[in-house]
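Chemist: Chain residues, written in single-letter form:
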Amino acid sequence: MKIAVCVKQVPDSWAEKKMVGGVLDRENVDAVLNDLDEYAVEEALRIAEAHGGNEEGGPHTVTVISMGPERATEAVRKALSMGANDAILVSDAALAGSDALATSAVLAKVISDGGYDIVICGTESTDARMSVVPAMLSARLGWAQLTFASKVVVDSSGKVSITRVTEAGVDEMSAAFPVVVSVVEKINEPRYPSFKGIMAAKKKTIEQKDLAAVGVAAQSAWSQVKDATPRPPRAAGLKVNDEGSGGEALATFLAEKKLI
Amino acid sequence: MSTVLILADFSGDHATKTTAELATAAARIGSVSAVVLAPAGKGAALAAAVNQGPISNIIVVESNDFASHGVAAVADALAGVVKDKAPAALLIASHAFGKEVAARVAVLTESGIITDAVDVAADATATQLVFGGSTTVHSQVSQGTPIITVRPNSIDADLSAASPAIENASAAISDVAKKATIASSQPPVKGGRPELTEANIVVSGGRGTDGNFSAVEAFADLLGAAVGASRAATDAGWYPHSHQVGQTGKTVSPQLYVACGISGAIQHRAGMQTSKTIVVVNKDPEAPLFDIADFGVIGDLFNVLPQATAAVAAKKG
Chain D
1 MKIAVCVKQV
11 PDSWAEKKMV
21 GGVLDRENVD
31 AVLNDLDEYA
41 VEEALRIAEA
51 HGGNEEGGPH
61 TVTVISMGPE
71 RATEAVRKAL
81 SMGANDAILV
91 SDAALAGSDA
101 LATSAVLAKV
111 ISDGGYDIVI
121 CGTESTDARM
131 SVVPAMLSAR
141 LGWAQLTFAS
151 KVVVDSSGKV
161 SITRVTEAGV
171 DEMSAAFPVV
181 VSVVEKINEP
191 RYPSFKGIMA
201 AKKKTIEQKD
211 LAAVGVAAQS
221 AWSQVKDATP
231 RPPRAAGLKV
241 NDEGSGGEAL
251 ATFLAEKKLI
Chain R
1 MSTVLILADF
11 SGDHATKTTA
21 ELATAAARIG
31 SVSAVVLAPA
41 GKGAALAAAV
51 NQGPISNIIV
61 VESNDFASHG
71 VAAVADALAG
81 VVKDKAPAAL
91 LIASHAFGKE
101 VAARVAVLTE
111 SGIITDAVDV
121 AADATATQLV
131 FGGSTTVHSQ
141 VSQGTPIITV
151 RPNSIDADLS
161 AASPAIENAS
171 AAISDVAKKA
181 TIASSQPPVK
191 GGRPELTEAN
201 IVVSGGRGTD
211 GNFSAVEAFA
221 DLLGAAVGAS
231 RAATDAGWYP
241 HSHQVGQTGK
251 TVSPQLYVAC
261 GISGAIQHRA
271 GMQTSKTIVV
281 VNKDPEAPLF
291 DIADFGVIGD
301 LFNVLPQATA
311 AVAAKKG
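Chains as they are written, first to last, in the numbering used here: chain D, 1 to 260; chain R, 1 to 317.
Simulated from the structure, these hints should not be mistaken for laboratory data. Ideal Cβ placement from N, Cα and C applies to all residues, glycine included. Mixed in with the good hints there might be a few duds.
A few chain D residues that face chain R, going by a derived Cβ cut-off under 10 Å, partial list only [to be verified]:
| id | residue |
| --- | --- |
| 1 | Lys18 |
| 2 | Gly21 |
| 3 | Ser104 |
| 4 | Asp117 |
| 5 | Ala135 |
| 6 | Ala144 |
| 7 | Val153 |
| 8 | Ile162 |
| 9 | Glu172 |
| 10 | Lys186 |
| 11 | Asn188 |
| 12 | Asp227 |
| 13 | Asn241 |
| 14 | Asp242 |
| 15 | Ala249 |
Starting from the given sequences, assemble the full structure and let the hints guide the process.
Modeler: Written out as structure tokens, the structure reads:
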């Protein structure tokens, strides 16, 4: 079984983010592996482990696939230190500022050339928060879409069953290989990279490719930011100490604001 | 006048308020056609439920594939309507399902996509609040049909009665879209409370509840509010993750957000700071959430909330 995990390096969610020239300034901000992708890496490793593990030379492999600037090797390395076997990072100056459609086109080409059985993604990145790339990958690859999974079971015949959880309810879904899966937060508890894992990751291969090596043409973004304006910070309003009538003061405030 | 498509949004057999919100935004761009995707034989009934908002036309597509194959089948049918009608834009509700449908339709129709819009102008420019609501962005699609997902509760809906013309279209659903099969579906468990992202009022609890949400829920129920929770509360197992508000949870933008026992880490603020009015109850006078509160009470939520519940009940008569 060949498993691919798509990951993204994102600005640290604690960091202050700014727009420069209509795109997110990724240069001057701490960058980390997208939180939600750690669940995808963990789930990929668990699926491999349920079928005997992903030891070198064995039948099951977990490959990390990412698109981003060359410094995204840091995030990729973290996924490798958790236990993935190898990685492919697509870096090309022509990809700077690309949108989800362009990203999905590049990732889909890498995935279809790699001959994978399952692609696993997080549900969204904490920077753009669009939640669209897994569905786009499924549409581009023509593979089954099994997204927003809170549980994934892969049987030996290559049937993948998931429990899909969204605000619309809970669905039990299944499909045969190849499939695109996205996993929700809390599907598992991502492992911390061990010291051994961190050392081993330094020796693992990160294959760096540009667009020519991937074999896709650069695609400009199909939506453009016209302007971006920082919103004025909210000013603090009235603050009262509860000296026995705090609840009544709250009710009065709501009534004055016509909120009740 | 150009046609603008919206994907009618349903909860069971009822069109949601979001449908009227989408229609209200779409009507600024052109004449609104609502696409109703229904199980075989139920198209007329579901179309009749789309009865509010500036909707001049309804396009009904019936297929049982929508229920058995989900997002991919819906996207195929919708892409077929887009190719047929060549609309000026396609507006879809910005929830998990809607965003995935939009994503596939964008690929199928080679169109640009903008998600999580809080407003849409007559020229299809979308307004988004990014980076946890700290930055306002205006964006436009430059390729194909602008596909825009609009956050529920962001647009004041024109709820006037609609009496649209109804037409039927056939579904063109590819084999690819049928590769994943839904064996069973259960609607969300609803305790009579509104959906978090659609609610006009949200009352949330955090670490300060110490696992006891009874006071939070009682106040929420009196206000007709949804109940939210901080990541600390959901990680502790005190409340389901589906109720988590914040960077890795839901983003809400209600008329009123009441945060109880939530200190206000930046991740939480990212999910609620675009709320119109923010009220904070916290024992800790230094809680950062007080900085963005329109009204704050420094006190124990187990004293303040029951008293506020009683006082609001009295005012409501």
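Chemist: State for each hint whether it applies.
Modeler: Going down the list of hints, with the structure as the test:
The interface hint given for Lys18 (chain D) is met, as the beta carbon of that residue sits about 8 Å from the closest beta carbon of chain R, less than 10 Å. Checking Gly21 (chain D) against chain R by beta carbon gives a least distance of about 13 Å; that is not within 10 Å, so the hint is violated. With its C-beta approaching chain R no nearer than about 7 Å, Ser104 (chain D) sits inside the 10 Å limit, and its interface hint holds. Nearest Cβ of chain R to the Cβ of Asp117 (chain D): about 14 Å, over the 10 Å cut. The hint is violated.
With 10 Å as the threshold, the beta carbon of Ala135 (chain D) comes within range of chain R, its nearest partner Cβ sitting at about 4 Å, so the hint holds. Given hint, Ala144 (chain D) at the interface with chain R, holds; its Cβ is 4 Å from that chain's nearest Cβ, closer than 10 Å. A distance limit of 10 Å between C-beta atoms decides the matter here; for Val153 (chain D) the minimum to chain R is near 13 Å, and the interface restraint is violated. At about 9 Å, the closest approach between the beta carbon of Ile162 (chain D) and any beta carbon in chain R falls short of 10 Å, and the interface hint on this residue holds.
Because the closest C-beta pair between Glu172 (chain D) and chain R is about 5 Å apart, less than 10 Å, the hint holds. Hint status for Lys186 (chain D): holds, given a least beta-carbon distance of 5 Å to chain R, under 10 Å. Of the supplied interface hints, the one on Asn188 (chain D) is violated, with its beta-carbon coming no nearer than about 13 Å to a beta-carbon of chain R, more than 10 Å. With its C-beta approaching chain R no nearer than about 5 Å, Asp227 (chain D) sits inside the 10 Å limit, and its interface hint holds.
Below 10 Å, beta-carbon pairs count as interface contacts, and Asn241 (chain D) has one with chain R at about 5 Å; its hint therefore holds. With its C-beta approaching chain R no nearer than about 2 Å, Asp242 (chain D) sits inside the 10 Å limit, and its interface hint holds. Taking 10 Å as the C-beta contact cut-off toward chain R, the hint placing Ala249 (chain D) at the interface holds, the least distance being around 7 Å.
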